[in-house]
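Colleague: So the chains spell out like this:
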Amino acid sequence: MRFRPFRRRSERSLFHHQSYPEVRFAITVVVSLALLILRHGAPLGLPLAQVAAETGAAIERPVSDAISFLESIGPALATRAHLIRTNQTLKREILRLRAGLAAEKPLVFQNHRLKALLGRIRSIHQQFRLVRVLRIDLDPYRQEVVIDAGQKAGLASGDAVIDANGLVGQVGTASAHVSRVLLITDPSEMVPVEVAATGLLTFSIGSGIPTRLRLPYLPNDTRVRVGQLLITSGLGGHYAYGFPVAVITHVTLRPNRSFARVYARPLAAISEDRELLVLIRQPSHGPAFLRKPAFGPIHKEHRR
Amino acid sequence: MSGIRSYCIIVMTLIIALILSILPFPHWYVVGRPLWLPLVAGYWCLAAPRRMGILTAWLAGFCFDAARASPLGEHALALSVIAYVIQRYHLQIRTLHIGQQMLTLGGIFLVYEFLIFWINGIISKPGPLLPYSLPVFVSVCLWPPVFMGLRFIRRRYRVH
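Top line first, the protein sequences correspond to chains X and L.
Using this note's numbering, read the first sequence as starting at 4 and increasing by one per residue.
Using this note's numbering, read the second sequence as starting at 8 and increasing by one per residue.
Treat the hints with care, since some could be wrong.
[As the list claims (entries may be wrong)] Some residues of chain L that are not near chain X, with every Cβ distance over 12 angstroms (derived):
hint, residue
1, 55
2, 65
3, 75
4, 87
[Said to hold, decoys possible] Taking beta-carbon pairs under 7 angstroms as the criterion, some of the chain L residues facing chain X (in silico):
hint, residue
5, 62
6, 63
7, 78
8, 83
9, 91
10, 92
[To be verified] Computed footprint of chain L on chain X; a stretch qualifies when at least three of its residues, placed anywhere within it, have a C-beta under 8 angstroms from a C-beta of chain L:
hint, region
11, 26-38
12, 141-154
For the record, the hints were derived by calculation from the structure and aren't laboratory data.
Don't be surprised by glycine CBs; every beta carbon is placed ideally from N, CA and C.
Let the hints inform the model, and build the full structure from the sequences given.
Modeller: Written as structure tokens, this is what we have:
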């Protein structure tokens with residue numbers, strides 16, 4: 004081998020002969036940790052998250068369209084007789100429901116009167132918006148769905164989301180055309196609930212499992228029973244009073260602990276829903292501090 | 008095949024894995040959703056460690072975080088950790104029988120899921136630990152078909 008006391012500059016460079024995976028690894032770890040800490044300290048990631056949500060929706064929307072197209076093929080191929088039959092059943096169902104509604108109207112008036120007497124009218128949200136589900140995330144640490152309406156449609160963070168059976172969650176972040184809905188089963192979600200039969204007030208906390216809510220603050224002498232219905236209590240002003248939330252499925256008294264172990268199953272068919280209802284809050288409801296959105300700019304003219 | 012084209016093919020498979028992992032699917036799929044990104048990134052770290060490395064894995068994880076609006080850097084960190092481990096031991100892992108490979112990668116995927124569990128716990132979003140292991144199991148079962156499919160792509164386009 005030839006002796007070369009002075010190497011050329013290119014040969015002396017640090018990464019010339021071998022790369023150092025440890026160095027790269029250290030760099031990525033430091034950058035990731037810095038990002039995580041920054042995000043945790045302040046919501047710096049929010050604009051970025053909104054941009055990401057919009058770009059994600061750009062992928063999800065065509066797929067969602069394709070799925071609904073596939074779902075629409077079935078009805079399109081149905082026979083005439085079948086359609087007539089379904090039409091008749093639906094008409095009958097409408098009649099039956101109308102009759103039921105008419106019968107309940109006096110009850111509604113009575114209820115309003117009684118509530119007015121008690122001085123605690125809690126008006127239920129008026130404005131609905133039907134939205135389509137673009138994506139479902141049911142990880143244990145993250146239970147949320149992405150819907151195809153955002154600030155442009157008048158949605159704001161904190162709006163309640165329901166389906167035909169019960170409470171689904173609340174709008175977490177609303178960007179221009181899509182929003183993320185935090186489900187009530189998300190580990191960070193807490194819903195003030197009331198046991199419908201007894202009026203007992205407590206909280207439900209998401210468990211990270213789509214079919215289970217935890218009620219961790221019920222003492223061991225609780226009279227909660229399996230099968231009892233939980234509704235939103237309206238306390239805190241976040242969710243309006245009276246939406247069905249869940250049914251108690253499991254009660255274990257634990258005398259050696261402070262609280263009983265109580266589980267409930269959400270009524271909303273979260274994993275099967277393709278359409279949801281968002282209840283857009285009216286500015287006139289509730290005290291002023293509750294009307295302020297949690298974060299993010301909301302334009303007044305978009306909310307009626 | 009030139010380096011840039013090899014790299015393009017790797018990036019394309021990563022993009023497909025990314026799309027597979029954020030698509031809307033029925034409930035049973037979402038709960039046991041395979042770890043597509045670690046599977047594909049892991050294969051390339053094993054088969055083409057010169058092209059696919061820690062930085063590419065980190066970028067893929069970053070895109071995943073951005074697309075799912077999970078805390079930025081979470082999956083990026085976990086992916087770069089497993090990319091480092093696989094790249095560091097790629098010669099050893101390559102010599103293993105496919106069953107032993109599945110076991111080894113099962114351990115590595117478990118580390119991945121545990122890191123995500125840990126980060127979520129630190130930023131105060133704790134969840135139950137057990138559901139984290141289901142995707143690991145599904146992904147390990149998917150390793151042989153993914154391995155064969157990607158090997159076909161690697162041979163067809165001569166990526167190395």
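Colleague: None of the hints should be skipped; say for each whether it holds.
Modeller: Verification of the supplied hints:
1. 55: The claim holds: residue 55 of chain L sits with its nearest Cβ about 14 angstroms from chain X, beyond 12 angstroms.
2. 65: 4 angstroms, violated
3. 75: Not fine: 7 angstroms to the nearest Cβ puts residue 75 of chain L too close to chain X.
4. 87: Violated: least Cβ distance 4 angstroms, not greater than 12 angstroms.
5. 62: With a minimum Cβ separation of about 6 angstroms from chain X (threshold 7 angstroms), the hint on residue 62 of chain L holds.
6. 63: 10 angstroms, violated
7. 78: 5 angstroms, holds
8. 83: 5 angstroms, holds
9. 91: Holds, about 4 angstroms.
10. 92: Since chain X brings no Cβ nearer than about 10 angstroms to residue 92 of chain L, farther than 7 angstroms, the hint is violated.
11. 26-38: Check passed, 9 qualifying residues.
12. 141-154: Our answer is that it holds, as 5 residues pass the Cβ test (under 8 angstroms) against chain L, meeting three.
Of the numbered hints stated above, those contradicted by the structure are hints 2, 3, 4, 6, 10, listed in ascending order.
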